[in-house]
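*Asks:* Sequence:
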Amino acid sequence: MISYLSRRPIKVKLLLYFLPILVSSVILTGYFSYYTAVKQLERNAYFLLNDTLEQTGVFLNDKFHAVFAQLVIIENNSAFQNILSNTDQDVDGHRYDDLIELHRQFDISYHNYDEMIDSIFVTFNNGRTFHMKEEFFIPRSIGINLQEWIKRFQNKESVNGYYWLNTHDDEVFNTVQPRKVMSVFKIYGNAESNVSAISLINMKESYLLNILRNVKVSPNGTLALISTDGVMYSKELASEYAISDSVIDQIKNNGEQNGEFKVSSNSGEPMMIQYTSLSLNKWKLAAIVPQSDILSKASQIKTITFIVVAIILLVFIVVATMFAGSLTNPIRYLSQQVKRVRQGNLDVSFQLSEQNELGVLAHGLESLVVSVKELLEKVKDEQEQKREIELIALQSQIQPHFLYNTLGSIKYLIDLDEKEKASTMVSALTHFFRIGISKGREVISLWEEIEHIRSYLSIQNIRYTGNFDFEIDIEESMLHLPIMKLTLQPIVENAIYHGIKSKYGRGSIRITGTQQGDIAILEIFDDGAGMHPEKQAELLASIQSHEVYEAPVTFGLRNVHRRLVLQFGRNYGLELESEAGVYTIVRVKIPNTGRGD
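In terms of my numbering, the sequence shown is residues 186 to 782.
Hints are computed from structural coordinates only; laboratory data are not their basis.
Careful: at least some of the hints might be erroneous.
[Stated by the list, open to error] List time: in silico DSBU-like cross-link candidates among lysine-lysine, alpha-carbon distance up to 35 Å:
1) Lys365 with Lys248
2) Lys389 with Lys401
3) Lys437 with Lys365
[Claimed, not checked] Derived Cβ-Cβ restraints for the label pairs, each shown as a range:
4) Gln240 with Arg325: 38 to 44 Å
5) Tyr216 with Glu300: 52 to 58 Å
6) Gln240 with Val500: 43 to 49 Å
7) Lys420 with Asp236: 17 to 23 Å
Don't be surprised by glycine CBs; every beta carbon is placed ideally from N, CA and C.
Could you put together the complete structure from these sequences and hints?
*Replies:* What follows is the structure, encoded as structure tokens:
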């Protein structure tokens with residue numbers, strides 16, 4: 186990691202060091218803001234839900250009180266008391282007054298609360314029955330079995346002697362279409378009493394259901410009115426939010442007046458339940474709400490928080506990048522200029538508008554580059570002079586050597602009185618030197634070099650009495666290429682002295698030229714003695730060596746190679762290939778410039 190950072194630009198390092206701190210700070214701030222907002226939202230939702238539940242409970246309690254008050258009024262009515270205490274007497278005028286008074290009370294109670302009261306019913310053990318109901322429904326039968334009801338409810342817990350029934354099918358007024366009602370009633374006496382009766386008021390389930398339905402606890406939640414004998418829901422829960430009966434039993438059996446707890450639905454969805462108790466009948470009013478509804482706004486808060494955090498991060502990153510750039514741009518500029526200098530471009534500027542330490546550094550680099558340019562110019566001049574001196578020295582070493590051998594051959598022919606051959610050799614030598622002088626030029630065209638070597642081969646062929654044949658085959662498009670003069674002569678001389686002369690019988694020399702991309706290759710082939718691999722490796726090492734040995738293996742070939750390298754570069758020079766007793770090939774690589782010089 187440390188080595189990785191050490192190779193990174195300063196701008197990247199600054200961003201790597203500081204951006205994680207900024208990013209983590211913004212993300213943590215956003216997370217805690219979101220967490221705090223969600224918790225506050227949850228508290229507010231619970232508070233509002235509880236407040237709604239309490240108000241609904243108070244409202245329902247008031248409605249139940251109103252109905253209960255009517256039942257008490259009927260119970261305390263003098264006519265009702267008279268009938269209850271005189272159930273065995275015959276009906277007379279006084280009793281008709283009681284009946285009229287009781288019906289009048291029924292009528293008052295019913296019509297004062299007709300939107301809520303479904304029907305009123307009173308029956309005595311002597312079979313007398315009184316009732317009040319809506320006119321639009323016609324019951325098939327009216328009444329209940331008093332003794333059966335007494336046995337059914339006498340052992341059940343009552344509230345001050347009064348009984349409450351949650352939503353159920355009406356058992357008093359048996360109609361064609363079953364009707365749902367809620368009931369409050371009181372039983373007088375017991376199964377063994379001489380006098381027994383029941384007074385009952387049925388409440389419309391639809392009225393109470395509308396009250397619950399008008400209270401919106403949540404999109405998927407519901408209100409439940411829970412009693413020991415049943416449950417009435419404001420609406421059915423969706424299947425994924427349905428709860429088990431054990432949860433309802435838990436609410437029923439909880440002795441606390443108010444409370445809240447969390448459960449899971451049958452499908453595993455988290456559910457929140459808050460409940461309150463109605464003071465009149467001890468029923469529980471419960472709000473059953475999916476927790477996802479309570480936190481429905483949390484997703485919006487999360488989205489908003491994410492967007493705000495993303496915007497802040499983007500702004501921070503942009504500002505940090507710009508700030509880091511303003512700090513590192515001068516350094517990056519100096520670094521790029523130094524790289525250009527390292528690549529060999531000294532025509533660069535280090536001018537900066539900075540007046541601080543970077544400005545001092547830029548001024549120092551500017552002065553340094555100027556000094557380096559001056560020093561390089563001086564070294565370049567010295568190297569050029571040295572190269573020219575070395576070329577002249579190499580050239581001067583080749584020319585006397587060739588001249589000495591040729592003049593020796595001419596003297597040998599004169600001594601043998603071979604005047605005609607000696608004259609031909611002198612003419613070839615004259616042509617050879619005319620091209621070799623080439624008006625003082627060191628670099629001549631390949632055509633001139635070929636003509637030069639053709640004269641040389643003619644001289645040597647006369648000298649060795651036609652002991653070898655030679656062939657020159659150069660592509661015409663190559664003849665304009667520049668080449669160092671006296672490049673081929675030492676190679677051909679080597680082919681004659683160390684190849685053809687060492688072979689038994691007549692030999693041949695072939696000079697060919699081809700082009701391969703940016704390189705032109707001249708091959709000098711002889712079918713002479715050739716070389717063993719060890720000798721070939723030793724000769725090649727001597728040719729390409731930078732050091733001059735006291736007794737080099739091949740003086741002429743090394744000089745040719747060195748002159749080519751000095752003139753054209755290290756990619757050019759001589760290559761060697763040979764097989765003992767078969768052949769030797771010397772390849773000359775020169776630039777394929779595509780034009781003459």
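*Asks:* Look at each hint and say if it fits the structure.
*Replies:* Quick rundown of the hints versus the structure:
1. Lys365 with Lys248: This hinted pair holds, its Cα atoms lying about 18 Å apart.
2. Lys389 with Lys401: holds, 21 Å
3. Lys437 with Lys365: holds, 22 Å
4. Gln240 with Arg325: 38 to 44 Å: holds, 41 Å
5. Tyr216 with Glu300: 52 to 58 Å: holds, 53 Å
6. Gln240 with Val500: 43 to 49 Å: holds, 46 Å
7. Lys420 with Asp236: 17 to 23 Å: Check passed, 21 Å falls within 17 to 23 Å.
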